[in-house]
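Read off the chains here:
There are 2 protein chains.
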Amino acid sequence: MKTATSRDNKETVVNGVNVGELFKTVDAVKKTASIAKFRFRAGNTWFDGGHNRTSIRDFYGAGAEDTSRKTPFILDADEPKVLLGGDRGPNPVEYVLTALAGCLTSSLVYHAAARGITLDEVESRLEGDLDLRGFLGISDEVRNGYENIRVTFKIKADATEEQLKELVQLAQKRSPVFDTLSRPVPVSVELNNNTS
Amino acid sequence: MKTATSRDNKETVVNGVNVGELFKTVDAVKKTASIAKFRFRAGNTWFDGGHNRTSIRDFYGAGAEDTSRKTPFILDADEPKVLLGGDRGPNPVEYVLTALAGCLTSSLVYHAAARGITLDEVESRLEGDLDLRGFLGISDEVRNGYENIRVTFKIKADATEEQLKELVQLAQKRSPVFDTLSRPVPVSVELNNNTS
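Going down the list, the sequences are from chains A and B.
Mapped onto this note's numbering, the consecutive letters of the first sequence carry residue numbers 661 to 856.
Mapped onto this note's numbering, the consecutive letters of the second sequence carry residue numbers 661 to 856.
Worth double-checking, as some hints may not be accurate.
Which copy? The list can't say, so a pair holds if one copy fits it or any two copies do.
As a list, the in silico DSS-like pairs of lysine-lysine whose alpha-carbon atoms are at most 25 Å apart [claimed, not checked]:
no. : residue 1 : residue 2
1   : Lys730    : Lys697
2   : Lys730    : Lys833
3   : Lys825    : Lys814
4   : Lys691    : Lys833
5   : Lys730    : Lys691
6   : Lys825    : Lys691
7   : Lys684    : Lys825
8   : Lys690    : Lys741
9   : Lys684    : Lys833
10  : Lys684    : Lys741
11  : Lys741    : Lys691
12  : Lys690    : Lys814
13  : Lys741    : Lys730
14  : Lys814    : Lys833
15  : Lys833    : Lys816
16  : Lys697    : Lys741
17  : Lys697    : Lys684
18  : Lys741    : Lys833
19  : Lys730    : Lys690
Rather than coming from a laboratory, the hints here were simulated on the basis of the structure.
Generate coordinates for the entire structure from the input sequences, incorporating the hints supplied.
Right under this line is the structure:
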């Protein structure tokens with residue numbers, strides 16, 4: 661966000677990101693920190709076995725309820741056959757990789773735009789290792805979740821290898837999902853059968 | 661997994677979960693720990709701005725490559741308009757809530773099945789708080805990712821409130837995504853423009 665040229669031109673769009681709007685957002689947040697506070701939401705309904713459906717629509721952000729989405733996004737999760745499911749959707753830990761891939765990519769693209777670096781292609785591959793003995797309650801020595809995750813980016817851009825490596829580092833440094841995975845998040849889970 | 665009755669009946673299906681197969685899996689993993697090792701994968705391609713697409717298909721597990729999925733699952737991510745995107749899919753942090761909802765639900769359903777508890781309805785609502793000052797690089801005092809996530813379950817089942825509360829606790833204790841979020845996962849991110 662140090663490209664004076666981009667900052668001067670409020671109409672510049674780089675990598676599909678309106679850089680003028682991005683800098684306006686940064687300036688607005690610097691003045692009023694509360695508009696940076698977002699609350700995202702999801703609702704889930706179970707169907708059968710490993711099959712359940714998440715619905716995503718409204719959220720709170722920029723100081724107001726955002727109801728601009730006319731229909732919800734619907735996402736089915738299930739387990740593959742080998743995990744006794746019907747394979748009607750990716751499984752939940754595959755959704756974790758989806759979240760991470762999307763977030764690192766967007767972070768990279770937005771921050772490249774802010775620096776005036778035009779990207780041609782961005783691809784990534786992700787792998788995560790998980791030992792099911794945790795979930796099955798067989799061993800206390802292995803954790804239930806991912807033991808580690810590896811992400812490899814392949815990028816074509818009008819930039820040097822050095823600049824691209826910096827961008828990948830910056831994406832990682834700024835990505836909300838990278839932070840969510842690599843540092844503990846307090847998660848509360850409760851039963852409340854009295855809600856509507 | 662202590663229900664002797666269910667363990668004896670290899671054909672019992674509870675909550676859509678084949679409990680006989682589940683116990684066979686547990687027994688097999690106890691004998692050969694390596695079959696519990698899974699490696700999940702995702703590939704992502706960027707399109708424009710906040711819009712990118714994740715493709716999910718093959719994985720390694722139960723001692724072999726699993727190629728049973730004939731077509732990949734395709735998941736689009738984008739940012740809503742207020743975050744300068746085109747809103748062509750949930751955003752990456754909404755995918756995190758999707759992963760958590762699906763995983764807690766499946767964990768609850770599978771473990772209820774193992775205990776012989778029949779579930780009628782399972783619904784959940786999730787909320788996560790995120791301060792964008794981290795992503796925007798404006799403040800080092802706020803983290804980039806979720807500050808906290810809250811999950812509320814509503815369950816109808818042939819069980820007491822006490823049993824349901826125990827189930828919710830067990831779901832949390834065993835869920836791979838709950839663990840992935842609440843304890844740090846090592847994530848490596850690198851540029852490799854030499855891969856095919």
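Do the hints match the structure? See the list:
1. Lys730 <-> Lys697: within (22 Å within a copy, 42 Å between copies)
2. Lys730 <-> Lys833: neither (33 Å within a copy, 36 Å between copies)
3. Lys825 <-> Lys814: So Lys825 and Lys814 pass the 25 Å test inside one copy only (10 Å; across, 46 Å).
4. Lys691 <-> Lys833: Only inside one copy: Lys691 and Lys833 sit 23 Å apart there, 42 Å across copies, limit 25 Å.
5. Lys730 <-> Lys691: The answer is neither: 31 Å in one copy and 52 Å across copies each exceed 25 Å.
6. Lys825 <-> Lys691: The answer is neither: 32 Å in one copy and 45 Å across copies each exceed 25 Å.
7. Lys684 <-> Lys825: Neither: 27 Å inside a chain and 47 Å across chains, both beyond 25 Å.
8. Lys690 <-> Lys741: Answer is between; shortest inter-copy Cα gap is 20 Å, intra-copy 50 Å.
9. Lys684 <-> Lys833: within (22 Å within a copy, 44 Å between copies)
10. Lys684 <-> Lys741: Close across copies (14 Å), not inside one copy (49 Å); limit 25 Å.
11. Lys741 <-> Lys691: Result: close only across copies, 21 Å inter versus 53 Å intra.
12. Lys690 <-> Lys814: neither (34 Å within a copy, 40 Å between copies)
13. Lys741 <-> Lys730: This pair counts as between: shortest inter-copy Cα distance 13 Å, intra-copy 35 Å.
14. Lys814 <-> Lys833: within (18 Å within a copy, 37 Å between copies)
15. Lys833 <-> Lys816: within (21 Å within a copy, 43 Å between copies)
16. Lys697 <-> Lys741: between (41 Å within a copy, 16 Å between copies)
17. Lys697 <-> Lys684: within (16 Å within a copy, 48 Å between copies)
18. Lys741 <-> Lys833: between (37 Å within a copy, 24 Å between copies)
19. Lys730 <-> Lys690: neither (31 Å within a copy, 49 Å between copies)
Hints 2, 5, 6, 7, 12 and 19 from the earlier list are contradicted by this structure; the remaining hints agree with it.
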